[in-house]
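A.B. asks: One-letter residues, chain by chain:
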Amino acid sequence: MAKAEQNPSDEQEVMKGTSAVAKGVMAADPDVVSAYPITPQTGVVEKLSELVADGQLDSEFIKVDSEFNAASTCIGASAAGARAFSATSSQGLKLMSEPLFTAAGMRLPIVMAVANRSLSAPLSIWADHTDAFAERDGGMLQFHAEDVQEAIDHVLMGFRVAEQVNLPVLSNFDGFILTHVQEPADIPTEEEVNEFLPPRDPEFTLDPSDPKTMGAFARPEHWTETRYAIQEAMMESKDVWAQTVQEFKEVFGRDYTEYNGMLDTYHGDADYRLVALGSICGTIRGVIDEYREQGVDVGLVRPRVHRPFPTEELREALGDAEAVGVLTKEMSPGYESALAGEIKGTLYHAENQPPIKSFVIGMAGRDVNAPEIGTMIEETMEASAPMTFEEQESWPQLREKLLNGGDQ
Amino acid sequence: MSAFSAIDEDREIDPEEYTPGIEPQATWCPGCGDFSVLKALKQAMPEVGRTPEEVLTVTGIGCSSKLNSYFESYGFHSIHGRSLPIARAAKLANPDLEVIAAGGDGDGYGIGGNHFIHTARENHDMTYIVFNNEIFGLTKGQTSPTSPKGHKSKTQPHGSAKDPIRPLSLGLTAGASYVARTAATNPNQAAEILAEAIEHDGFAHVDFLTQCPTWNKDAKSYVPYTDVQESDEFDFDVTDRKEAAEMMYEVESKLYEGEVLTGRFYVDEDRPSYTEEKQATGEMPEEPLAEKYFDEDSEWKRSYDLLEHHT
Ligand SMILES: Cc1ncc(C[n+]2csc(CCOP(=O)(O)OP(=O)(O)O)c2C)c(N)n1
Ligand code: SF4
Ligand SMILES: [Mg+2]
Numbered sequence: 001m002a003k004a005e006q007n008p009s010d011e012q013e014v015m016k017g018t019s020a021v022a023k024g025v026m027a028a029d030p031d032v033v034s035a036y037p038i039t040p041q042t043g044v045v046e047k048l049s050e051l052v053a054d055g056q057l058d059s060e061f062i063k064v065d066s067e068f069n070a071a072s073t074c075i076g077a078s079a080a081g082a083r084a085f086s087a088t089s090s091q092g093l094k095l096m097s098e099p100l101f102t103a104a105g106m107r108l109p110i111v112m113a114v115a116n117r118s119l120s121a122p123l124s125i126w127a128d129h130t131d132a133f134a135e136r137d138g139g140m141l142q143f144h145a146e147d148v149q150e151a152i153d154h155v156l157m158g159f160r161v162a163e164q165v166n167l168p169v170l171s172n173f174d175g176f177i178l179t180h181v182q183e184p185a186d187i188p189t190e191e192e193v194n195e196f197l198p199p200r201d202p203e204f205t206l207d208p209s210d211p212k213t214m215g216a217f218a219r220p221e222h223w224t225e226t227r228y229a230i231q232e233a234m235m236e237s238k239d240v241w242a243q244t245v246q247e248f249k250e251v252f253g254r255d256y257t258e259y260n261g262m263l264d265t266y267h268g269d270a271d272y273r274l275v276a277l278g279s280i281c282g283t284i285r286g287v288i289d290e291y292r293e294q295g296v297d298v299g300l301v302r303p304r305v306h307r308p309f310p311t312e313e314l315r316e317a318l319g320d321a322e323a324v325g326v327l328t329k330e331m332s333p334g335y336e337s338a339l340a341g342e343i344k345g346t347l348y349h350a351e352n353q354p355p356i357k358s359f360v361i362g363m364a365g366r367d368v369n370a371p372e373i374g375t376m377i378e379e380t381m382e383a384s385a386p387m388t389f390e391e392q393e394s395w396p397q398l399r400e401k402l403l404n405g406g407d408q
Numbered sequence: 001m002s003a004f005s006a007i008d009e010d011r012e013i014d015p016e017e018y019t020p021g022i023e024p025q026a027t028w029c030p031g032c033g034d035f036s037v038l039k040a041l042k043q044a045m046p047e048v049g050r051t052p053e054e055v056l057t058v059t060g061i062g063c064s065s066k067l068n069s070y071f072e073s074y075g076f077h078s079i080h081g082r083s084l085p086i087a088r089a090a091k092l093a094n095p096d097l098e099v100i101a102a103g104g105d106g107d108g109y110g111i112g113g114n115h116f117i118h119t120a121r122e123n124h125d126m127t128y129i130v131f132n133n134e135i136f137g138l139t140k141g142q143t144s145p146t147s148p149k150g151h152k153s154k155t156q157p158h159g160s161a162k163d164p165i166r167p168l169s170l171g172l173t174a175g176a177s178y179v180a181r182t183a184a185t186n187p188n189q190a191a192e193i194l195a196e197a198i199e200h201d202g203f204a205h206v207d208f209l210t211q212c213p214t215w216n217k218d219a220k221s222y223v224p225y226t227d228v229q230e231s232d233e234f235d236f237d238v239t240d241r242k243e244a245a246e247m248m249y250e251v252e253s254k255l256y257e258g259e260v261l262t263g264r265f266y267v268d269e270d271r272p273s274y275t276e277e278k279q280a281t282g283e284m285p286e287e288p289l290a291e292k293y294f295d296e297d298s299e300w301k302r303s304y305d306l307l308e309h310h311t
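So the protein sequences, as listed, match chains S and W.
Per this note's numbering: the first sequence = residues 1 to 408.
Per this note's numbering: the second sequence = residues 1 to 311.
In short, the hints are calculated from the structure, not lab data.
Owing to the predicted nature of the structure, the values given are computational and were not obtained by experimental measurement.
Fair warning: there could be bad hints in the mix.
What follows is a set of in silico ranges between Cβ atoms, one per label pair, in the way DEER data are often shown [said to hold, decoys possible]:
no., chain 1, residue 1, chain 2, residue 2, range
1, W, 306, S, 120, 36 to 44 Å
2, S, 120, W, 187, 53 to 61 Å
3, W, 25, S, 120, 19 to 27 Å
4, W, 16, S, 289, 57 to 65 Å
5, S, 320, W, 20, 53 to 61 Å
6, S, 137, W, 246, 37 to 45 Å
7, W, 199, S, 208, 54 to 62 Å
8, S, 120, W, 289, 21 to 29 Å
9, S, 58, W, 16, 56 to 64 Å
10, S, 122, W, 25, 20 to 28 Å
11, S, 352, W, 292, 53 to 61 Å
A virtual CB, placed ideally from N, CA and C, is assigned to each residue, including glycine.
Looking at chain W on its own, in the form it has when it is part of the complex (with noise of 0.2 Å):
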């Protein structure tokens, strides 16, 4: 961490700091799968050691994106499908901040699915959770993109004739350095993922299966549900992109199939992140650009700088 964050400090941080004291009840509807989401996420901080004031969280729109609202950190609620961009940029100006882009299913992989795609491939180091509920919970229940083929909704009475799309498959192909899924059923696994995540150096992709009772009722609850990496039933190395790949593939084919797999699915400790990329062209400054801003050293830099030129 550079010199100019503000807070670097060391010590216990409570999972609590995260509740907020505007909102500190989630509004979700009764059983809803974001609270575990919330709740995962909250136990995730103090295993990473990020205090509130160090955290950036963008979110898109839909049940999910309300996330920010009800999690106490800096939060930029943006547009529908919007979140990825916008968190990236952050990110650049910003190294120290810890991002962490979340949303739903419609607004990532539908709507907002370009920049997942491309912000996946540029390897940015932040963390990125799909709240993958597999319909469209804000709008009240309409067909998404995870939504299982067949899938009957107001917009679709006679059901889906599409295939849903492959989440995990689709984050690994365009680029997704740490690719892995949980369930909301599963809040122990969910919180250990999402601060494997957030440690990650590089684009994390989470894909978190989030029931939505409300408008989702024929969806299965994600119980029971199989971790990968702790059941003799499977064996893959999560390094290999190749065996990942195959393992996802069945993952996601199961899924409609009834069982719910989970686990980490793809892990790339080497990947260079963008920002290490530009670093070593030399296109960007070791120190963050927004530091100027916060440090009153860089005043007198600038200054030095600016004499330095003209004379």
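Only chain S is shown next, with the shape it has when bound in the complex (with noise of 0.2 Å):
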């Protein structure tokens, strides 16, 4: 299980998230940080230009104009050989998703926190998950924390996976649940991260010795391999984060081992099965605690790794499931929510395929309570195939007043 500890221990410290993970970017050492601000994800990159003008952190910080231009200072640094960072949210995200999609097409591993925010309009800084999610076909690989720690260590882990894939990162944690929280989490030492984290040794690099152009026109009979070669890197980025959340334990002791490092389980055998992604998993095992002692045998499954999409392990923790639940905060319009979708496409040549009720839930950082989830552990247990596409997926936290002209 991924919580961190109550009570801190003497190597832990207790500070906002955003500190937190920006004291983990720095035991990475990038060479080059470069952000714009943005709610809620500012912290990270106000915390990184301290640490890189108290002199603690040896990087160039380039402050720029946009997040279109920090991606793209990302992709310049990157290219020319250096470790890359930056951080955002929301819009910011939505700006740099041009940059982003060139970057992986040059096969450049930049590392990003996503503090997830929704997206306009209507105008909201709170959290849910339809940022990451618009920027899930891009080629970069996307990762969901569930706690102020997996914030950190995600990142860490990232630049690894990233660095030897080629690949850029997007390492989600949620905004203000976990950007604004003080939890106690452990800081990586330089010591430790020397032993995880080499330097890195670019692969696609402008280097002078032997002269490359990066991103040049494709013809037809070039572009598909160029791009399919994204697909590949993904799929051997399975591995690669197989063995390095394996290292990852040897090092620093924490264990994101189970199911390959791709799923995080708790009761992952009971009958029904709850499946969701980021800070809302807290929540929802206060509540599969209450209903196991009533005798409901409910679990849950929690993919800590979105990109690339964990099919196999998913069928293993699914199948044998009497009904599944996605509680998810993004959508598709015009469709049913992405996350639900993906995992009945997974389901769909596997052994069994378990009934799948799917809830929107936590839009705009619209608070899940309890209840809530007990409601939605109730409807999951009463899941049976066939469903009509309406009986597929509900929006349980709608308030039908609004909708027909209310005005509160």
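Using the hints, put the two standalone chains together into the complex.
C.D. replies: Right, here's the structure in full:
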């Protein structure tokens, strides 16, 4: 289980989530950090610029006019061989979308912390996963942290896997819920990191002794193979990730090795299994405890990694469930939520296909409380195939009055 | 004004008509310079004879971009840096709207800087007010494109290494046909300049110095200020591009030496607006594009046109 300890041990420090992530980044010793302020990410880069200014981190901190510039700055730095880091949220990630797809195509291992926040309009600064999911198909690896400790560790492991498979990484952690919480966390020391993360040995770079052009025009007879190479690298990244979590455990003692580091489970063999990403899983665990006390056999399967998609692992973790409930903080207008759709797709040719209900919840920071989760557990228990499309997914927190023209 | 404007009335307008019922009290911090922009704008509107229903205020994101929540008009709160393309297109679709775009220095001179250049270049008949507090207010005080060199903030603890942008010079070179600077500490001049800018036929750029007492404590409070038109010390012709450019350069440099110079710096009444240019080549109708959705007669006209084309 991934939860941080309640009482900080001697090695642990209590600090704000964004500061903790920044300190983790510092341990990875990036050469170039470039970012643009945006709530709720801002604390990460403010802390990093402070660490650079204090001489604690020997990096070039490049302040820019926009996220487009920040991502492009990381591309330039990474192409020249540097280890580059950025952080953003929501609209900022949207603005980075164009350069990030390019970074994947140029095979540049930029690592980013994404403090998840909903997308405009309407304007909101609160958490959901619509920003991360909008970048799903760019060729960036994506992780989701449940707590601050994982947010730190995912970034660190992100550097290792990114630099081996030459793809960018988006390390997601929920805005406010994790960015602005004070939690005890182990901050990796330089010695530990030296053991775990070798200096970058750039594979695709602007090397004066071996001149190359990056991102050149590709004719139809070349483009497909270049983009397919991203698919291959993503698939290969699963093994690299499995090895990375294993070595992480050996060096740092924190164990993320369950299901090759792809999934984290809580009573994962229960009859009824919920699936969710990120910080909401903390609340879900509590509700699962209550239901189990009353004799309901319910558990949780939490994808730690969203790209590459944990296909084999989910087939194994969900295949023999009586029913599955997917609780997700994103939507795909015109179809069902992306996460639910992907899980169903993954199970389609598997041996078993448990019935699946999905629930769009917690959008733009709407609180999801224990009774609501309880109701979703109960609805999941009633799930049975076949289902009409309308029966597959619901939005249990919808305020019907507002929809019908009520004004509060 | 063309026939379809719903209002087109000739009456006294009270600045208070511009105070909205929903959020009559702005939630900026006490002492924030943004209050002065709001006040000056409310005073300018009766001067130009526009009612709230005839005005569209488009903003970006930032403390300053909350303007349209506190100002009764059609409001459009867009995304960070993007007020101008939206404002411009609304103006093209319905030239009868009085279009005002507004936002912060980060919003307009940084992330949205290229829109500023190109909207000025096209000389659209609209007003652009930049609340220049020399920092990012909403995200808590980071260095902005107008922060003076050496300015310290959380993202630049040792001080910014960059020379600030020169907003007036940039507006002039880009093609704005009215360029002025005013300050929150100068309410009467501010109201006059805003009224002039709104009445100006073309792209009017007002760099409005606003203090941020919460995050930019070292900044000067823009007093005392000098109005270059009132002062004997300055003698230049606002219609002369070269003299204007020199004056702007001096004004921008002086600001960072602690001397606040305000006033009109460039006014070109002759340059045709984008709409006029397009009308001259027959690419834009005389009547507003959006008119057909508002004017009952236009439905008939459309039917006659159809008949004519198909018989
Ligand atoms: C694409 C994007 N990046 C970053 C932000 C976060 N953000 C909101 S306002 C702002 C800067 C505000 O500064 P300024 O434009 O000068 O307005 P002020 O608050 O000072 O009035 C930033 C960085 C955002 N909303 N969208
Ligand atoms: S933070 Fe600064 S700019 Fe924003 S409302 Fe407060 S005083 Fe004004
Ligand atoms: Mg500002």
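A.B. asks: None of the hints should be skipped; say for each whether it holds.
C.D. replies: How the hints compare with the structure:
no., hint, result
1, W:306 x S:120: 36 to 44 Å, "holds, 40 Å"
2, S:120 x W:187: 53 to 61 Å, "violated, 33 Å"
3, W:25 x S:120: 19 to 27 Å, "holds, 25 Å"
4, W:16 x S:289: 57 to 65 Å, "holds, 58 Å"
5, S:320 x W:20: 53 to 61 Å, "holds, 59 Å"
6, S:137 x W:246: 37 to 45 Å, "violated, 53 Å"
7, W:199 x S:208: 54 to 62 Å, "holds, 59 Å"
8, S:120 x W:289: 21 to 29 Å, "holds, 27 Å"
9, S:58 x W:16: 56 to 64 Å, "holds, 58 Å"
10, S:122 x W:25: 20 to 28 Å, "holds, 22 Å"
11, S:352 x W:292: 53 to 61 Å, "holds, 59 Å"
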